[in-house]
Amino acid sequence: MAEQDDLALSLEAHRKYLQRYAQFHLRDASLAEDAVQDTLMAALAQRDRFEGRSQLRTWLTGILKHKIIDITRSRGRGLPADAVSLGEDSESFSDSFNAKGQWVDPPADWGMPDEALESNQFWLVYQECCKRMSRRDAMVFSMREVMGLSSEEICKKIEITTTNLHVILFRARLSLRSCMNKNWFGTDHE
Amino acid sequence: MSKLMYSCEQAAKLSSQAMEQPLAPTERILLGMHLMMCKGCTGFVQQIEFLRRASRKIPEVLEKYGD
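Respectively, the protein sequence lines represent chains Z and C.
Numbering of the first sequence is given in the working numbering, commencing with residue 1 and proceeding in unit increments.
Numbering of the second sequence is given in the working numbering, commencing with residue 1 and proceeding in unit increments.
Please note that the accuracy of each hint is not assured.
Said to hold, decoys possible - Taking lysine-lysine pairs in the DSS-like style, the calculated list, with each CA pair at most 25 Å apart, reads:
| id | chain 1 | residue 1 | chain 2 | residue 2 |
| --- | --- | --- | --- | --- |
| 1 | Z | K16 | C | K57 |
| 2 | C | K39 | Z | K16 |
| 3 | C | K39 | Z | K182 |
| 4 | Z | K131 | Z | K157 |
Unchecked claim - Covered stretches of chain C, going by a simulated chain Z footprint (3 or more residues, C-beta under 8 Å):
| id | region |
| --- | --- |
| 5 | 9-15 |
| 6 | 33-47 |
It is worth saying that the hints were derived from the structure and are not from the lab.
From a predicted model like this one, the values you see are computed outputs, not experimental measurements.
Even glycine gets a Cβ: it sits at the ideal position worked out from N, Cα and C.
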């Protein structure tokens, strides 16, 4: 019983982090809370599987990823994608390319971009830029780039084809790079 | 001849795709040819690779700014 309480206490210590992680992906505080609650319940129920094999936070985050994807799927938050916006026609990319397929505004050299990773402000801009994508694009992008899931896994989980996945990720990358260019790399900042 | 030359849009699309799965040999060669001559697309490749490095750090960032 005491051991049970210990685990419950340790789990509580990670709640805030899990909430932020869930909110980053779900963009909704109460959905994020649901995901975190489900995660903590699941963790208590599956406590035997933990066995201290990994960091508690890593283990919890692993469970949380699945809960986030489940919630995204079950609440129908734009997944799977509607057919229209998935068209492979170049129109979806017309912000970036003209009719001949040339860059409207060719990507410039960002110099030593990794220095920005140390700046708090950079991360605020990054998160704002993610919010400018459609929910679905942002979710697929972060499943791939933040959660680090494989393309196969993503396609299976949210039932899209590989071609769809490539279109979404391409569109997401174009949007994010353009937004970061306008709001960070192309501007003066501390 | 023009079929042998990718547009920037095609080159950028394939560069993005290459981050998920290996390209076919022909695609790789044609993309390499385009990138050799195109500063914009080379910039794009560097930018999306940077954005991947940045995105992988998000969990760390969420950890840092909070508890």
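Structure-based check of each hint:
1. Z:K16 / C:K57: Roughly 18 Å between the alpha carbons, so the hint for K16 (chain Z) and K57 (chain C) holds.
2. C:K39 / Z:K16: Outside the cut-off at roughly 44 Å; violated.
3. C:K39 / Z:K182: 19 Å, holds
4. Z:K131 / Z:K157: 22 Å, holds
5. 9-15: holds (count 4)
6. 33-47: holds (count 7)
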